[in-house]
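The residues making up each chain are set out below.
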Amino acid sequence: QKEVEQNSGPLSVPEGAIASLNCTYSDRGSQSFFWYRQYSGKSPELIMFIYSNGDKEDGRFTAQLNKASQYVSLLIRDSQPSDSATYLCAVIGGGYNKLIFGAGTRLAVHP
Amino acid sequence: DAGITQSPRHKVTETGTPVTLRCHQTENHRYMYWYRQDPGHGLRLIHYSYGVKDTDKGEVSDGYSVSRSKTEDFLLTLESATSSQTSVYFCAISDGGAGETQYFGPGTRLLVL
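In the order they appear, the protein sequences are chains P and W. The first sequence runs 117 to 227 under the numbering used here. The second sequence runs 66 to 178 under the numbering used here.
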């Protein structure tokens, strides 16, 4: 059974701090990794994807991938209260682009 | 929501009745997916489609069937609804490009009494 694990949180950070969200996966053959953000009562929206080892930056967001350790993380710099949401890690699991999701980490950014 | 609509957005039904949820896309994407989301479980794949009339089961397919007769429409049917199928259902689409990204519809909240 392919699995994706996330700490459910809540992760509480002060406004302006760096939030660090972590995810581990069980399938060593996984190639593509995704971070989605989901506000309460809304649908998941893509933040970014990564498939090469190392860092990928997009604005205040940085995804980090370490395939040897089967670990992917998301850093949010200068966290804002509007970043308060659940962050879902997902991995391509098998053919036809099927995604396996972690249960999500709830982030709370307080002023 | 990337040109994806779901209907109905909310539904209350009784145990034992059939229910059909519709996903409609205007993006002409090849792949379509149905997920359910429950507290503590994240998103779990029910069924997916890789083309018109081409569908397959996902992780939690028992009690569900799907059909795709047109590129733009993907239907999910609960053959005989049970209380354990109370959930939020999301449809997603993908064209297989841009990192194989999936884009999600607004969701349907289903309550089975």
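Mixed in with the good hints, there may be bad ones.
Restricting the straight-line Cα-Cα distance to at most 20 Å, the calculated cross-link-like pairs of lysine to any residue (SDA-like) are [as the list claims (entries may be wrong)]: (1) P:LYS158 / W:ASP103; (2) P:LYS158 / W:THR70; (3) P:LYS158 / W:ARG74; (4) P:LYS118 / W:ASP103; (5) P:LYS118 / W:ASP121; (6) W:LYS76 / P:GLY157; (7) W:LYS122 / P:TYR212; (8) P:LYS118 / W:GLU165; (9) P:LYS158 / W:LEU175; (10) W:LYS118 / P:GLY211; (11) P:LYS158 / W:ARG109; (12) P:LYS158 / W:VAL77; (13) W:LYS135 / W:HIS94; (14) W:LYS135 / W:ASP103; (15) P:LYS172 / W:GLU165; (16) P:LYS158 / W:LYS118; (17) P:LYS183 / P:ARG144; (18) P:LYS158 / W:GLY68; (19) P:LYS158 / W:ARG174.
Rather than coming from a laboratory, the hints here were simulated on the basis of the structure.
Against the structure, the hints come out as follows:
1. P:LYS158 / W:ASP103: Distance ~13 Å between LYS158 of chain P and ASP103 of chain W Cα, so the pair holds.
2. P:LYS158 / W:THR70: With Cα atoms ~13 Å apart, LYS158 of chain P and THR70 of chain W stay inside 20 Å; holds.
3. P:LYS158 / W:ARG74: Distance ~12 Å between LYS158 of chain P and ARG74 of chain W Cα, so the pair holds.
4. P:LYS118 / W:ASP103: Holds, at about 19 Å.
5. P:LYS118 / W:ASP121: Status holds; Cα separation ~18 Å.
6. W:LYS76 / P:GLY157: Roughly 15 Å separates the two Cα atoms, so the pair holds.
7. W:LYS122 / P:TYR212: Holds: LYS122 of chain W and TYR212 of chain P sit about 12 Å apart, inside 20 Å.
8. P:LYS118 / W:GLU165: holds (18 Å)
9. P:LYS158 / W:LEU175: holds (15 Å)
10. W:LYS118 / P:GLY211: Holds - the C-alpha atoms of GLY211 of chain P and LYS118 of chain W are around 17 Å apart, at most 20 Å.
11. P:LYS158 / W:ARG109: Holds. LYS158 of chain P to ARG109 of chain W sits at ~16 Å (cutoff 20 Å).
12. P:LYS158 / W:VAL77: This hinted pair holds, its Cα atoms lying about 19 Å apart.
13. W:LYS135 / W:HIS94: holds (11 Å)
14. W:LYS135 / W:ASP103: violated (29 Å)
15. P:LYS172 / W:GLU165: holds (17 Å)
16. P:LYS158 / W:LYS118: Not OK: LYS158 of chain P and LYS118 of chain W at ~29 Å, beyond 20 Å, violated.
17. P:LYS183 / P:ARG144: holds (7 Å)
18. P:LYS158 / W:GLY68: holds (16 Å)
19. P:LYS158 / W:ARG174: holds (11 Å)
Of the hints listed earlier, those the structure fails to meet are numbers 14 and 16, in rising order.
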